[in-house]
Amino acid sequence: MAVEPPFFEKYKAIFQSSDRDEKQKFPMVEVFEELELPLIDLSHLNLGPFERQKCIQQMVQAASEWGFFSIVNHGIPQELLDRLKYEQVKVFQQPFEKKTEKNFLNLSAHSYRWGNPLATSLRNLSWSEALHISLKDISKMDEYNKLRSTIEEYAAKANILAQRLAEYLAKHLGIKPSYFQENCSPSSSSLRMNRYPPCPYPSMMFGIIPHTDTDFLTILSQDLVGGLQLMNRNGRWVSVKPNPNALLITIGDLFQALSNGIYKSIAHRVVAKQEVERYSAAYFYCPTNETVIESCSKPSLYRNFSFKEYREQIERDLKATGDKVGLTRFLL
1 MAVEPPFFEK YKAIFQSSDR DEKQKFPMVE VFEELELPLI DLSHLNLGPF ERQKCIQQMV
61 QAASEWGFFS IVNHGIPQEL LDRLKYEQVK VFQQPFEKKT EKNFLNLSAH SYRWGNPLAT
121 SLRNLSWSEA LHISLKDISK MDEYNKLRST IEEYAAKANI LAQRLAEYLA KHLGIKPSYF
181 QENCSPSSSS LRMNRYPPCP YPSMMFGIIP HTDTDFLTIL SQDLVGGLQL MNRNGRWVSV
241 KPNPNALLIT IGDLFQALSN GIYKSIAHRV VAKQEVERYS AAYFYCPTNE TVIESCSKPS
301 LYRNFSFKEY REQIERDLKA TGDKVGLTRF LL
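Going by the UniProt record's numbering, the sequence shown opens with residue 1, and the numbers climb by one from there.
Please keep in mind that the hints were generated in silico from the structure rather than gathered at the bench.
Here are the computed distance ranges between Cβ atoms for each label pair:
{"#": "1", "residue 1": "Phe96", "residue 2": "Ser187", "range": "21 to 31 Å"}
{"#": "2", "residue 1": "Asn106", "residue 2": "Gln274", "range": "27 to 37 Å"}
{"#": "3", "residue 1": "Leu301", "residue 2": "Leu81", "range": "34 to 44 Å"}
{"#": "4", "residue 1": "Asp223", "residue 2": "Leu301", "range": "32 to 42 Å"}
{"#": "5", "residue 1": "Ser64", "residue 2": "Arg329", "range": "15 to 25 Å"}
{"#": "6", "residue 1": "Asn289", "residue 2": "Asn103", "range": "17 to 27 Å"}
{"#": "7", "residue 1": "Ser43", "residue 2": "Glu143", "range": "35 to 45 Å"}
Ideal placement from N, C-alpha and C gives every residue a C-beta, glycine not left out.
Assemble the whole structure, with the sequences as input and the hints as a guide.
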């Protein structure tokens, strides 16, 4: 049985309507440089006061200037990351018909997703499949013991790491240390496992279309294939050089609002590859739905909003326009 999602069959009309000129002029591959993100060694947090403060300042600077940084000595064993990748590959190698079953893995409806149901052109079509797991649903995966136990183990460590990073970044803003412990629970976050199949026409479409993350911060583990790109301060797309020994940290929309624009939630995307598949796993550190996001300083760039309100606004915008819109909806 076929493993791959039927992209060409599902989006036949889009491919047929895309004329030759659009395919030739598609600007996705116009990337001008490859960069290595700031690399921060978290073991320095356990050294003397000078080294500790220098490490925190590196995080603050990267979150303010780039919205991205890489970390090593983060406390998540490589063996666990390898095990998560192994289980991830096994899941995606199941037949497509099985993956699209209503009760696949006993998870919530639409946990498995592929392509983009709202796509109207090649520019907003994502050549990828994903399993988006709300961590409150993990216990339902009773028939998939190895996958469940691996996700549980990884999520527990990722939650500790995410809270630790968020607290260091928040302390610089004058936010009380208990903010994240009070507003984020292990079950309010989610894990998204991504697979990017080989794409016959990598210059025509994205692996994932440009977006920002709807959370406080994201912990990303990825393989060596590469393909992640981010928009720099000059509005140009740059490629991120993969680092096999590091995890990637992304600042999300909620931290940009909480920091009153000091920390940056930067647009990023993944380009499709022609000959190889790519895997990544993203841990989204999120608050409870009732949590109200209020800027830490005045005058505020954004009005106060709850996480539930923010998510619902995104869903409405996606259905109406195909675009997330995001924080600009909440500008004062």
